[in-house]
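Which chain is which? The protein sequence lines are A and B, in order.
So for the first sequence, my numbering puts the first residue at 9; every next one is plus one.
So for the second sequence, my numbering puts the first residue at 16; every next one is plus one.
Simulated from the structure, these hints should not be mistaken for lab results.
Where a beta carbon is used, it is the ideal one built from N, C-alpha and C, also for glycine.
Treat the hints with care, as some may be off.
Per label pair, the in silico range of CB-to-CB distance [what the hints assert, rightly or not]:
hint, chain 1, residue 1, chain 2, residue 2, range
1, B, Gln501, A, Glu58, 21 to 27 Å
2, B, Ala155, A, Arg10, 36 to 42 Å
3, A, Arg10, B, Arg218, 54 to 60 Å
4, A, Gln53, B, Arg324, 48 to 54 Å
5, A, Gln53, B, Pro309, 19 to 25 Å
6, A, Glu89, B, Asp163, 43 to 49 Å
7, A, Gln90, B, Asp463, 31 to 37 Å
8, A, Arg15, B, Gly322, 34 to 40 Å
Facing chain A, a subset of chain B residues (Cβ under 10 Å, in silico) [what the hints assert, rightly or not]:
hint, residue
9, Arg78
10, Ser261
11, Gln264
12, Ala267
13, Tyr279
14, Gln283
15, Thr438
16, Arg440
17, Val441
18, Gln444
19, Arg448
20, Arg451
21, Ala481
22, Val483
Covered stretches of chain A, as calculated for chain B (at least 3 residues, CB under 8 Å) [to be verified]:
hint, stretch
23, 34-46
24, 75-89
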Amino acid sequence: MRDLASRLLSFVQDDVCNGSVELALDTDLLLTGAVDSLGVIRITQWLEDETGIMVDPGHVTLENFQTIERMLTYVGKQQAEQGLAAE
Amino acid sequence: MDDAPTLGELVPRAAERDGDAPAVCHGGTTLTWADAALQAGRLGAALDLAGVAAGDRVGVHLRKSPEAFLAMHAVVQRGAIAVPLDPTAAPAYLTGVTERTGCAVVVTHAPCRRSALALAGGDHPTVHTLVGVAPGDDTAAVRCIGPDEIAGLDPAAPRAVSADHPAYIITTSGSTGVPKGITHTHASALAYVDFKRAAYDLRPSDRISDIAPNHFDISTMALWVTPAVGAANVVVTEPHQMLPASLSQLAADERISIWYSVPYLLTQLLDRGQLDDRDLSALRWVLFGGEMFPPQVLAALMARWPGARFSNVYGPAEVNACTVHHLDGPPRGEEPIAVGGPVDTTEVRLVDLDILGDGDDPGPEPEPGRPGEIWVCARTMMAGYWERPDLDAASIVAGPDGRRWYRTGDLGHRRPTGELVFTGRVDHQVKVRGHRIELEAIEAVLEDAPGVANAVAAVARPGDGADVIVAGVVASAGAAEPPNPQALRRHAADHLPAYAIPVAFLPLTALPTTGSGKLDRRTIRAELAARYRPEGKEST
């Protein structure tokens with residue numbers, strides 16, 4: 009299985025953005041308009057399904073969700089806090 | 016308080032009254048009114064340098080930002096006509112707008128550089144100058160006046176124009192898919208300022224949210240009202256609007272006192288805004304409009320913020336948000352919220368549907384409970400549609416008293432108490448997150464796509480929040496395979512505003528027809544809405 013970073017990147021690029029943009033790990037998804045509010049909801053659901061973490065609504069902030077890189081950092085922290093094994 | 020004769024005088028006068036007061040707040044930094052006057056004046060000088068004359072149309076292609084506020088003021092200060100553009104829309108759609116309105120100059124900034132450059136490309140570019148981005152290797156085809164050059168200019172004093180001169184054009188998709196330009200004058204915008212200032216008792220101490228996209232008419236309240244009152248304009252960026260927990264944090268940090276948005280954002284705040292952890296005690300008035308607010312959600316929000324007043328704002332962009340209903344208490348049951356009665360600047364009347372089309376005399380209002388079309392006569396009304404006298408003739412009528420009335424196309428009825436309630440549309444216009452969308456426009460655009468014989472657009476309500484647009488398409492006879500959704504999406508993006516692009520394209524085969532042999536769009540729309548499931552949700 010591919011690593012989380014590349015799976016998340018393809019999910020956001022191909023499914024959430026319908027392949028309409030080229031994304032990098034540090035692309036600002038929100039300011040560029042690549043992802044809208046429904047997209048954010050889909051990404052949080054995907055992260056919960058794929059990594060087993062529970063995303064607290066209070067954590068869905070610019071700090072944690074502006075880029076794919078920040079999402080990965082957030083997931084890593086939550087996996088540690090919630091006692092889940094990282095891949 | 017002195018009244019400015021034109022929009023261009025608003026910022027300079029605010030700077031004269033109290034130059035040190037906060038004007039535009041964004042990301043923890045604040046421009047004062049003196050700063051804003053200086054920067055808008057310099058931007059105005061850059062527009063002069065670009066050759067902008069009074070009456071010229073100037074595109075405003077910016078994200079929610081202090082630059083967007085300054086650009087709109089700079090354009091009207093030159094006596095030019097601002098055309099706010101949606102920076103998220105496809106280049107082909109935007110060049111349609113800039114060509115139709117004849118924009119030769121566009122004000123933009125670095126985050127929009129690539130999409131702004133695309134405006135100057137294409138087959139017949141009308142845009143020859145970009146103001147706000149520096150020249151570079153990618154700007155051979157267009158003149159650029161960059162931020163450094165602008166900062167070195169002497170500020171230009173506002174150019175005098177008459178109050179009935181056009182000031183800005185809000186574009187919306189027409190029913191054929193061709194955008195139409197709602198043209199407001201200095202006078203109609205200043206009447207709107209008067210109405211807002213009085214309706215909410217706005218004061219210099221207020222901090223007013225600037226949330227709606229610049230091309231959406233709701234954005235004009237903070238834009239014009241804040242300098243008129245001397246209040247602060249608090250910029251709420253697009254990323255904040257997508258993340259309710261960050262949005263509520265910004266409202267708390269900036270101590271926003273006047274909130275104005277579509278109900279969708281307030282619903283998001285209530286659901287996911289972590290309101291238990293936010294101090295929003297500065298909030299004294301919540302204005303919402305653009306679509307209907309589910310009464311139960313509104314009641315829950317009012318219970319959350321007992322210190323704030325709540326008002327339902329009504330009015331299509333053609334007449335500005337021209338009337339308001341202040342809520343005395345939370346709505347009861349599922350009764351829709353009233354839209355408000357006449358105010359100083361506005362008269363509203365209901366016109367019997369049976370007599371519509373029988374000349375311009377609207378006759379007596381229908382009895383309470385009976386539906387009618389809502390007509391508005393207001394000082395806040397547009398001059399007309401940009402270079403579309405046919406649309407003017409269809410929607411603007413002279414009343415028996417000779418005054419101009421706007422036929423909104425909205426349906427409503429009066430309660431026995433006299434309150435007016437909005438109930439729907441006479442046509443197929445729908446609202447999705449406050450944006451006006453003509454389903455027929457989407458259908459017309461899709462039917463022009465290769466391989467498509469018929470298309471039907473519908474609103475679906477996936478259940479987990481916001482309404483979305485879905486489309487059903489019938490392949491042309493002889494097409495080898497059904498139309499490809501990716502190709503359809505690109506075609507839609509080139510011809511429709513971003514908010515009108517369907518989220519799904521479902522193949523249609525069996526097509527019910529009406530008695531007269533036309534497609535039974537009503538039945539197909541209901542079927543599409545029922546069939547749509549958001550991607551990734553099938554298993555749940």
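Hint-by-hint comparison with the structure:
no.	hint	result
1	B:Gln501 / A:Glu58: 21 to 27 Å	24 Å, holds
2	B:Ala155 / A:Arg10: 36 to 42 Å	41 Å, holds
3	A:Arg10 / B:Arg218: 54 to 60 Å	57 Å, holds
4	A:Gln53 / B:Arg324: 48 to 54 Å	36 Å, violated
5	A:Gln53 / B:Pro309: 19 to 25 Å	23 Å, holds
6	A:Glu89 / B:Asp163: 43 to 49 Å	46 Å, holds
7	A:Gln90 / B:Asp463: 31 to 37 Å	51 Å, violated
8	A:Arg15 / B:Gly322: 34 to 40 Å	46 Å, violated
9	Arg78	7 Å, holds
10	Ser261	5 Å, holds
11	Gln264	7 Å, holds
12	Ala267	13 Å, violated
13	Tyr279	9 Å, holds
14	Gln283	7 Å, holds
15	Thr438	27 Å, violated
16	Arg440	24 Å, violated
17	Val441	30 Å, violated
18	Gln444	22 Å, violated
19	Arg448	9 Å, holds
20	Arg451	18 Å, violated
21	Ala481	6 Å, holds
22	Val483	7 Å, holds
23	34-46	holds (count 9)
24	75-89	violated (count 0)
Hints 4, 7, 8, 12, 15, 16, 17, 18, 20 and 24, counting from the list given before, are not met by this structure.
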